[in-house]
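Enquirer: Residue-level listing of the chains:
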Amino acid sequence: MSEPTLSEIMTVTAARALKNTDVCFVGIGLPSEACNLARLTHAPDITLIYESGTIGTKPRVLPLSIGDGELCETATTTVSVPEMFRYWLQGGRITVGFLSAAQLDRFGNINTTVIGDYHNPKVRLPGGGGAPEIATSCGEIFITLKHSSRAFVDKLDFFTSIGHGDGPGHRARLGITTKGPTRLVTDLCVMQPNPDTCEFEVTSLHPGVSRQQVTEATGWPLKFANQVTETAAPSDVELDALRALKQRTAEAHEGA
Amino acid sequence: MSEPTLSEIMTVTAARALKNTDVCFVGIGLPSEACNLARLTHAPDITLIYESGTIGTKPRVLPLSIGDGELCETATTTVSVPEMFRYWLQGGRITVGFLSAAQLDRFGNINTTVIGDYHNPKVRLPGGGGAPEIATSCGEIFITLKHSSRAFVDKLDFFTSIGHGDGPGHRARLGITTKGPTRLVTDLCVMQPNPDTCEFEVTSLHPGVSRQQVTEATGWPLKFANQVTETAAPSDVELDALRALKQRTAEAHEGA
Amino acid sequence: MAQIMELKEAIAENVHDGDFMALEGFTHLIPHAAAHEVLRQGYKDLTLCRMTPDMIYDQFIGMGRVKKLVFSYAGNPGVGLLLRFRDAVENAWPQALEIEEHSHAAMANAYEAGAAGLPCAIFRGYRGAELAEVNPNIKSILCPFTGEKLAAVPAINADVAIIHAQRANRAGDVMIEGIIGVQKEVVLGAKRAIVTVEEIVDDFGDVSPNAVILPGWTIDAVVRVPGGAHPSYAHGYYARDNAFYKDWDRIARDRDTFLQWMEEHVINAGPDAFGRYAGKGSR
Amino acid sequence: MAQIMELKEAIAENVHDGDFMALEGFTHLIPHAAAHEVLRQGYKDLTLCRMTPDMIYDQFIGMGRVKKLVFSYAGNPGVGLLLRFRDAVENAWPQALEIEEHSHAAMANAYEAGAAGLPCAIFRGYRGAELAEVNPNIKSILCPFTGEKLAAVPAINADVAIIHAQRANRAGDVMIEGIIGVQKEVVLGAKRAIVTVEEIVDDFGDVSPNAVILPGWTIDAVVRVPGGAHPSYAHGYYARDNAFYKDWDRIARDRDTFLQWMEEHVINAGPDAFGRYAGKGSR
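First to last, the protein sequences are chains A, B, C and D.
What the first sequence shows, in numbering that gives the first Met the number 0, is residues 0 to 255, in sequence order.
What the second sequence shows, in numbering that gives the first Met the number 0, is residues 0 to 255, in sequence order.
What the third sequence shows, in numbering that gives the first Met the number 0, is residues 0 to 282, in sequence order.
What the fourth sequence shows, in numbering that gives the first Met the number 0, is residues 0 to 282, in sequence order.
No wet-lab data here; the hints were simulated from the structure.
Check before you lean on any hint, since a few could be wrong.
To be verified - With a straight-line cut-off of 20 Å between C-alpha atoms, the simulated SDA-like cross-links for lysine to any residue are:
id	chain 1	residue 1	chain 2	residue 2
1	B	K154	B	E215
2	D	K67	A	P120
3	A	K57	A	H252
4	C	K148	D	P118
5	D	K148	C	G146
6	B	K145	B	E198
Claimed, not checked - Taking beta-carbon pairs under 7 Å as the criterion, some of the chain A residues facing chain C (in silico):
id	residue
7	G55
8	C71
9	T76
10	T77
11	R85
12	Q89
13	G91
Virtual Cβ for every residue (Gly too), placed ideally from N, Cα, C.
Construct all of the structure, not just a fragment, from the sequences and the given hints.
Expert: Pasting the structure below:
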């Protein structure tokens, strides 16, 4: 088997954060890849929920959209979208929300709305979709996206959904009782919020990645935890499962 | 065929008030009997809805309860009870709500809660169930119950659901935009609210019933409309359909 | 995560004295067998919540187990009054009964809000209805867009919910069909949930993707009790025993008759007594 | 009461310039054929409402028919940005586009409130989200029981709703299966509703009593358009054409390419063009 790429390490590492007992609200793209990899490896009983209403879904290939037929066909049940947001998300039944981002700041706040001014944007992005309430209703939030100084910014252009706001206590002041972002997995490292400052800092570097490399790919003055470990490399089983999943997916989407 | 009883005239006359295009929210008991008779005679396409969630139901026999299996088995669809009260009743989709009562006053206000004081009742009745919102959300309300001075009272012991309140304008002052009770059918007569006072007055007497008979069975000083007609007698077709329905019902409930 | 267990154990693990308990099922799928087990195990000081208290709560009330009743229609549907309930309210027999009374719309909305994790429900209700004056848990809000006054009631979140359903699979997922009432809402809104079922199957087979299914991880205990809804019914299994509902009027009319009936059919019986009412496919 | 009619006539009778129009379907059952007919008939100054505007509204926006867009996620799901939407927002091409932007939770709740006849929806949302500062239609209420601040948005009640579904029967009752999105809510909340379907059948056969069915009397027009959701999909009939969604990125990137494509495949085509995508039973 060929060596894992950094993208593959990212997905495998993100997948490992999920437990077999988790009930996970899955964003499309990288989160969906990580969540399904977890299901296909160490967490076979994990409950995956997509905002299209599909609960306990077990797709054979990754969906392109949030509502591909495969999600419904393999689900325990499919509910209406109002029910999804009311009973399942707002109802507090989700242990982990798994998001990605266009822009992210040091406190795990996310922008997926605009680059530039809201009323006169340079780039109009898709917007928040489910994120504003996923960010506050799930027990905790995992985030995964590729490292770049364009994405990891000092200041968001727009505050689509809250992470730790401006730091300790901000969520509580807004009446939010959930944990917020607890883990961020990129293609270079794993980051976790500092317990005192809520600022994301590097807790493990992927094999072969230097501190400088991560610092240069981060748009804010990056901090490292007191103890920085090396991310455990993907096992053959994990890598095999991921590559097979992506292969099946590519074939299915071409053939559609 | 034997002559119709006053009870039969009541049911037939109540049934006649319904149109083939009506969407009717059906109370159990006399209303259910009248609504199903309408469906089995002149209004085959009437949509009957029971608060148990059954929409467009066509029971072969009268249900004993509001949620007998027959209602669901013959319905177009069966929805949850929250959906029933939110989308279908409150959604303003019902043209006629058909109620009965334990006590009724001259303005068509209804008591089904207590006889005596609420906190220290002489007789504790079942309570309102769906009635408080049926009375305000349906396009109009038909009421049917047997005439007696115990039921037709000068003053209600408890105001379970509103008819015309204390008279003209009361509904509007409470923000209610629907018509309220427009027709009351008893075993002695038909009553309709006076357009100026909103007070129910007799508009037709059933065959063989005298004014005095109705006045004595009414607990308030009863008024008669300027024109009082005689209620048209049930046709053989109506009577036959009603008797067959009641016969089927009796057999089914005994055999259960 | 649903454990498949025996009724005795499911009740013992999930019900406590003083609980706020909701046994739901709107005419259909009323969990009578589970109710009897709760009665046998002797729990008391219960706050019972249910849209239509019905025969099932008449039994709790008559046995003196209920401190408070939250409800919206306390009759014997299609038959008449609920006689043990009447005796408690009118004569405080066998003990005084506190009541919190709503309309059906209010309770349906309150269950919905409970499932949705909201503190309250809003709806267009109680206009001109006197209940709003005797029940302090009926309040109002103003729509911030139109200024319209809407009724508000607190969400219902029971300590323990008990429902009956047709089928569970081995993973403890539960499928409900027919008149579904507020079954989903009461379970999702409760801290703990027990579901009795007619059958436990390997899988549900070729059902609609939108079938009403409660995933096993939303439930604490799943118990097989064939016939467990009798004299209520299970769509696709057996019909409502309307004759028994009529007979209840006689049984509950007299205190001694009631107590004797309870002793014989509930206290000294077991869930197996329900088995003879089970019947796959019959109505 | 649903009339079964032709697409041309259904659109002509129910759509007008300036309408507040909602074409719904959450990824699944998006009414593309009906949208094309609306485009062909030339309606303009539309306010379009849809959780995920998607390719279907990209076409309206790029053709200059939209005055205002109400939405919660304006991407090409799984592919990238919505390029005609971008061009309108960033460059006012072909005309300026007013936007009212929400979260999915807000819009789902607003559709629910619309179906429920309420003026507004309340939910626990928008906490720490900047949309609440740029959208004046996001307000709040205080729970009268707990004092908790909850977000409020106005109900959505469209002038005309259009959805696609699998089947209708001769009475015009419509059955929807699979990812049901907000289909029921948008129809029940709208003044007028058009439903295109894959098939019209004599009856639905042996379906669950709880199947998602909109009675014919809640709908104005039912139209048979096999394949009418393509490139979206119809559960049980044909699969989502993911390759086409990817290709849309190329088509919509360039103004001229887009206009040419629209001319050829929409303006000069008809609903029959969708027939070749229909396929009973295929995924």
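Enquirer: Could you run down the list of hints and mark each one as holding or not?
Expert: Going down the list of hints, with the structure as the test:
no. : hint            : verdict
1   : B:K154 - B:E215 : holds, 16 Å
2   : D:K67 - A:P120  : holds, 17 Å
3   : A:K57 - A:H252  : holds, 17 Å
4   : C:K148 - D:P118 : holds, 10 Å
5   : D:K148 - C:G146 : holds, 17 Å
6   : B:K145 - B:E198 : holds, 18 Å
7   : G55             : holds, 6 Å
8   : C71             : holds, 5 Å
9   : T76             : holds, 4 Å
10  : T77             : holds, 5 Å
11  : R85             : holds, 4 Å
12  : Q89             : holds, 5 Å
13  : G91             : holds, 5 Å
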